[in-house]
Amino acid sequence: METPATRSCGLRAGRLSEADYARNFSDAHPLLTRAQAMIEAERCYYCYDAPCIAACPTGIDVPSFIQRIAQDNLRGAARAILEANPLGGMCARVCPTEVLCEEACVRNASEAKPVEIGALQRFAVDGYLAEPGEPLFRRAADTGRRIAVVGGGPAGLACAHGLARRGHAVVLFDARAKLGGLNEYGIAAYKAADAFAQAEVRWLLSIGGIEARSQQMLGRDFTLQSLLDEYDAVFLGLGLAGTNALGVDGEATGEAVRDAVDFIAQLRQAERPAEVPIGRRVVVIGGGMTAVDAAVQSRLLGAEEVTMVYRRGPDTMTASLAERHWAQTHGVTIRYWSAPTAVAQEDGEVAGVRLAATALVDGRLVTTGEEHTIEADMVLKAIGQTYLPEPTGAAIALKGGRILTDANGRTSLARVWAGGDCRYGGRDLTVEAVEHGKRSAVDIDFALSGQEPDAAPELEAAHG
Amino acid sequence: MADLSIDFVGIKSPNPFWLASAPPTDKAVNVTRAFEAGWGGVVWKTLGEDPPVVNVNGPRYSTLMSQDRRVIGFNNIELISDRPLRTNLDEILRVKRAWPDRAMVVSLMAPVDEAAWRRLLPMTEDAGADGVELNFGCPHGMSERGMGSTVGQIPEYIQLITEWCKHYSRLPVIVKLTPNITDIRQAARAAHAGGADSVSLINTLNSVMGVDLDRMTMIPSTDGAGSHGGYCGPAVKPIALNMVAEIARDAQTRDLPISGIGGISTWRDAAEFIALGCGSVQVCTAAMVYGFKIVEDLCDGLSNFMDQRGYASIEAFRGGAVQTVKDWNALNLNHVEKAVIDQDHCIQCGRCHVVCEDTSHQAITATRDGRRHFEVREEDCVGCNLCVSICPAPGALAMRALASGEIDRRTGERVSGEYANWSMHPDNPMRVAASAD
Numbered sequence: 000m001e002t003p004a005t006r007s008c009g010l011r012a013g014r015l016s017e018a019d020y021a022r023n024f025s026d027a028h029p030l031l032t033r034a035q036a037m038i039e040a041e042r043c044y045y046c047y048d049a050p051c052i053a054a055c056p057t058g059i060d061v062p063s064f065i066q067r068i069a070q071d072n073l074r075g076a077a078r079a080i081l082e083a084n085p086l087g088g089m090c091a092r093v094c095p096t097e098v099l100c101e102e103a104c105v106r107n108a109s110e111a112k113p114v115e116i117g118a119l120q121r122f123a124v125d126g127y128l129a130e131p132g133e134p135l136f137r138r139a140a141d142t143g144r145r146i147a148v149v150g151g152g153p154a155g156l157a158c159a160h161g162l163a164r165r166g167h168a169v170v171l172f173d174a175r176a177k178l179g180g181l182n183e184y185g186i187a188a189y190k191a192a193d194a195f196a197q198a199e200v201r202w203l204l205s206i207g208g209i210e211a212r213s214q215q216m217l218g219r220d221f222t223l224q225s226l227l228d229e230y231d232a233v234f235l236g237l238g239l240a241g242t243n244a245l246g247v248d249g250e251a252t253g254e255a256v257r258d259a260v261d262f263i264a265q266l267r268q269a270e271r272p273a274e275v276p277i278g279r280r281v282v283v284i285g286g287g288m289t290a291v292d293a294a295v296q297s298r299l300l301g302a303e304e305v306t307m308v309y310r311r312g313p314d315t316m317t318a319s320l321a322e323r324h325w326a327q328t329h330g331v332t333i334r335y336w337s338a339p340t341a342v343a344q345e346d347g348e349v350a351g352v353r354l355a356a357t358a359l360v361d362g363r364l365v366t367t368g369e370e371h372t373i374e375a376d377m378v379l380k381a382i383g384q385t386y387l388p389e390p391t392g393a394a395i396a397l398k399g400g401r402i403l404t405d406a407n408g409r410t411s412l413a414r415v416w417a418g419g420d421c422r423y424g425g426r427d428l429t430v431e432a433v434e435h436g437k438r439s440a441v442d443i444d445f446a447l448s449g450q451e452p453d454a455a456p457e458l459e460a461a462h463g
Numbered sequence: 000m001a002d003l004s005i006d007f008v009g010i011k012s013p014n015p016f017w018l019a020s021a022p023p024t025d026k027a028v029n030v031t032r033a034f035e036a037g038w039g040g041v042v043w044k045t046l047g048e049d050p051p052v053v054n055v056n057g058p059r060y061s062t063l064m065s066q067d068r069r070v071i072g073f074n075n076i077e078l079i080s081d082r083p084l085r086t087n088l089d090e091i092l093r094v095k096r097a098w099p100d101r102a103m104v105v106s107l108m109a110p111v112d113e114a115a116w117r118r119l120l121p122m123t124e125d126a127g128a129d130g131v132e133l134n135f136g137c138p139h140g141m142s143e144r145g146m147g148s149t150v151g152q153i154p155e156y157i158q159l160i161t162e163w164c165k166h167y168s169r170l171p172v173i174v175k176l177t178p179n180i181t182d183i184r185q186a187a188r189a190a191h192a193g194g195a196d197s198v199s200l201i202n203t204l205n206s207v208m209g210v211d212l213d214r215m216t217m218i219p220s221t222d223g224a225g226s227h228g229g230y231c232g233p234a235v236k237p238i239a240l241n242m243v244a245e246i247a248r249d250a251q252t253r254d255l256p257i258s259g260i261g262g263i264s265t266w267r268d269a270a271e272f273i274a275l276g277c278g279s280v281q282v283c284t285a286a287m288v289y290g291f292k293i294v295e296d297l298c299d300g301l302s303n304f305m306d307q308r309g310y311a312s313i314e315a316f317r318g319g320a321v322q323t324v325k326d327w328n329a330l331n332l333n334h335v336e337k338a339v340i341d342q343d344h345c346i347q348c349g350r351c352h353v354v355c356e357d358t359s360h361q362a363i364t365a366t367r368d369g370r371r372h373f374e375v376r377e378e379d380c381v382g383c384n385l386c387v388s389i390c391p392a393p394g395a396l397a398m399r400a401l402a403s404g405e406i407d408r409r410t411g412e413r414v415s416g417e418y419a420n421w422s423m424h425p426d427n428p429m430r431v432a433a434s435a436d
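Quick note, the sequences are listed as chains C and A, same order.
If you're matching positions, the first sequence starts at 0 in numbering that gives the first Met the number 0 and goes up one per residue.
If you're matching positions, the second sequence starts at 0 in numbering that gives the first Met the number 0 and goes up one per residue.
Since the hints were derived computationally from the structure, they do not count as laboratory data.
There may be inaccurate statements among the hints.
[Stated by the list, open to error] From the structure, some residues in chain A lie toward chain C, with a derived Cβ separation under 10 Å: (1) 66; (2) 67; (3) 348; (4) 350; (5) 356; (6) 360; (7) 373; (8) 393; (9) 397.
[Claimed, not checked] Computed list of chain C residues with no C-beta within reach of chain A, every gap over 12 Å: (10) 2; (11) 9; (12) 242; (13) 329; (14) 398.
Built from N, CA and C at the ideal position, the CB exists for glycine as well.
Generate coordinates for the entire structure from the input sequences, incorporating the hints supplied.
Structure, rendered in structure tokens:
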């Protein structure tokens with residue numbers, strides 16, 4: 000690392016050299032080499048009724064795709080992955096595999112080191128996308144049915160792909176300029192280097208039958224009723240458009256106090272990371288993946304001190320252990336049992352975050368009465384996002400502030416399905432959103448055709 | 000410290016590890032490096048009559064590899080030494096003088112022509128060789144010219160040439176056998192009948208390593224065509240052990256000294272060959288994969304093993320396992336084993352279940368009380384050992400021998416504890432009353 004260009008306080012762009020920015024925002028976990036992949040693939044035991052399959056929300060046949068890597072059949076490996084999860088490339092990058100497939104790996108029992116399933120999945124999908132050849136999947140004959148998918152994130156994309164494969168015509172609406180949802184706007188840049196999210200979207204759309212309409216927002220440019228009038232079915236993959244506020248004094252101190260999701264999106268969309276201003280001392284409030292992505296990227300933009308503040312202990316933090324290690328090895332300090340009580344100011348500028356010490360007493364989180372201040376010139380809020388129900392109107396039943404559905408994503412409103420983070424009862428995982436979209440596509444097809452899902456037409460291309 | 004030295008048919012060597020007749024022993028420079036590294040002896044790469052043979056200039060070697068590129072099998076199409084006979088003999092003399100304590104065996108090959116052998120043997124003796132090894136095994140190239148394995152496949156030729164060699168030389172004669180036959184005992188008996196001091200085996204197996212599917216060409220190929228080569232390396236060890244054991248327990252050849260060859264890569268491999276009767280062992284592939292230094296690890300491991308077991312010398316355990324190799328008909332059919340899964344070591348991969356279910360006797364459960372759980376159902380287990388053989392978790396699966404008097408839950412019968420083989424079995428229409436062994 001070179002000497003920073005500036006170490007002054009306050010929001011500053013261009014704190015680092017171009018070389019450091021390039022290094023900091025390159026691929027966090029570079030692609031395995033072929034030799035590495037072969038050796039790692041050999042470690043898979045090809046378990047019977049493999050626990051990793053059950054642990055994957057999309058049910059990817061992990062032993063099969065790894066066996067195909069070992070047999071030098073990347074196309075077949077990619078087919079096994081993308082058949083179950085058309086966003087298998089991004090999921091390989093962002094899944095918390097240590098609590099999903101890799102946690103279930105039987106290698107943990109004997110040697111506390113699972114097969115690197117995520118890295119192998121990326122090897123297979125990236126390898127396939129680099130030389131795709133003939134399409135893996137082809138559309139079934141046109142059904143004449145039209146379905147509106149609202150939201151081009153993982154749930155909407157997966158649903159659109161599943162519907163298009165089954166011969167339906169899909170119009171995919173998204174409020175933003177680019178498709179991808181959180182994959183494009185809400186994930187740290189080093190997790191999706193080299194514009195992978197868009198490459199995956201391009202592959203996904205290449206199946207045909209999906210008309211993407213960007214910068215089209217539900218409730219502004221069209222209504223749910225207008226979609227129901229025009230389309231045979233509607234899938235809502237709306238995500239969580241709202242953010243929680245701290246509700247403390249000093250929160251509205253200009254651009255130095257901002258939502259972490261906006262900061263992450265700005266960084267992802269910036270031409271160069273050097274354009275994005277960052278403080279010298281940054282406090283990130285929250286304990287989830289978004290907080291980690293914001294905190295680590297603050298460090299990588301040149302912030303000298305970054306502190307993640309979480310009001311409970313490590314056991315309840317939603318950021319996984321691996322994510323916390325990632326943050327800590329990037330110089331982020333994690334401070335537990337601390338609840339913000341105010342954003343301190345001096346001369347109209349952010350000066351720090353006032354924190355109350357917390358503790359669990361009889362299972363309830365209480366403040367202990369002790370307080371202290373962390374000096375800061377920037378505060379990033381990552382204390383959760385919320386579903387905004389207004390755009391859909393009051394017609395759809397909610398639960399816990401999100402859309403209530405059955406297992407297949409059917410909402411209380413006829414001909415309307417929903418999935419992804421806007422759906423009640425999930426874990427807010429990308430891979431889970433994909434599964435929602437995938438299952439809803441099957442169910443929509445069933446509802447429209449009256450055909451049992453298992454009787455779906457042969458969807459795979461004869462491979463060349 | 001165990002004494003690793005051997006006296007094999009009068010050939011002395013500080014340890015039992017000889018480099019087999021092959022590329023590593025083709026020249027003085029190689030053999031000197033081998034002796035510097037600690038090899039107990041060499042079998043100098045096969046000499047033939049001048050003019051020397053000519054080798055291909057394309058690939059001579061190719062390998063079968065595991066995923067992490069460890070060599071499992073090795074194939075070669077190199078011929079015998081392609082250098083002038085005199086050059087080799089001069090180097091043998093020089094190297095033997097410099098390393099008098101090491102075994103210097105010289106491999107020879109010639110057609111079935113008494114005059115040729117009569118010429119070669121005195122020259123070899125004059126070069127200071129401690130013994131000769133007759134190459135009746137090379138399966139490629141030379142065999143097409145009526146030598147190598149072509150001789151080794153005809154017992155009468157083996158006996159004839161062995162007799163010539165014993166007649167024209169005072170040196171110990173080791174006959175190297177080809178495994179490309181149906182019954183190795185015929186070849187060994189012929190060597191014995193011809194007066195051989197010893198046999199060495201196995202030479203390499205005929206092999207085609209693969210096909211380049213892009214070019215639709217066999218591997219290895221030279222200018223678009225290949226020829227079968229000789230296969231060796233770890234993959235052939237079980238084949239070699241069987242052939243060694245067949246000779247070691249054959250009534251006619253049980254006292255014939257054996258130099259064991261075939262995929263020896265570790266001290267354990269070597270000890271196994273010795274346990275089946277070998278008085279020396281020969282190594283080639285391991286040296287061609289790792290270099291000569293490997294001999295240090297072979298010697299160290301063998302020495303530690305012998306110390307732990309209290310074997311003072313190679314002779315102390317040589318042949319220790321020979322008497323355990325029997326004909327199938329001599330196996331005790333009253334002995335009953337069952338597989339047992341140690342739940343503390345089971346990693347729940349389920350492979351034992353699926354292979355038993357798919358390919359064996361449906362004797363391992365997959366669930367218990369709705370949970371993933373693998374357990375042997377003794378009432379279905381035939382004791383085949385498949386699950387134990389494929390289990391990836393050390394200590395998770397083992398076989399348990401039923402004690403005398405215990406009920407075999409598969410048959411419902413009590414284990415008798417009495418020895419009874421097929422020849423005595425009630426279902427055998429040809430059964431005899433007495434014990435077969």
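Checked hints:
Annotation: interface hint on residue 66(A) holds; nearest CB of chain C at approximately 4 Å, less than 10 Å. Interface restraint check: residue 67(A) against chain C, minimum CB-CB distance 5 Å, threshold 10 Å, status holds. Checking residue 348(A) against chain C by beta carbon gives a least distance of about 4 Å; that is within 10 Å, so the hint holds. Given the 10 Å rule on beta carbons, the hint for residue 350(A) holds: about 6 Å separates it from the nearest Cβ of chain C.
Given hint, residue 356(A) at the interface with chain C, holds; its Cβ is 8 Å from that chain's nearest Cβ, closer than 10 Å. For residue 360(A), the shortest C-beta to C-beta distance to chain C is roughly 16 Å, which exceeds 10 Å, and the interface hint is violated. The interface hint given for residue 373(A) holds, since its Cβ lies 9 Å from the closest Cβ of chain C, which is under the 10 Å cut-off. Because the beta carbon of residue 393(A) sits about 8 Å from the nearest beta carbon in chain C, less than 10 Å, this interface hint is met.
With 10 Å as the threshold, the beta carbon of residue 397(A) stays out of range of chain C, its nearest partner Cβ sitting at about 16 Å, so the hint is violated. The claim that residue 2(C) lies off the interface holds: its Cβ sits roughly 43 Å from the closest Cβ of chain A, which is beyond the 12 Å cut-off. No beta-carbon of chain A is positioned within 12 Å of the beta-carbon of residue 9(C); the least distance is around 53 Å. Residue placement check: residue 242(C) keeps its beta carbon more than 12 Å from all beta carbons of chain A (closest about 41 Å).
The beta carbon of residue 329(C) is kept farther than 12 Å from every beta carbon of chain A, the shortest such distance being approximately 32 Å. The claim that residue 398(C) lies off the interface holds: its Cβ sits roughly 29 Å from the closest Cβ of chain A, which is beyond the 12 Å cut-off.
Hint compliance for this structure: hints 6 and 9 are broken, all remaining hints hold.
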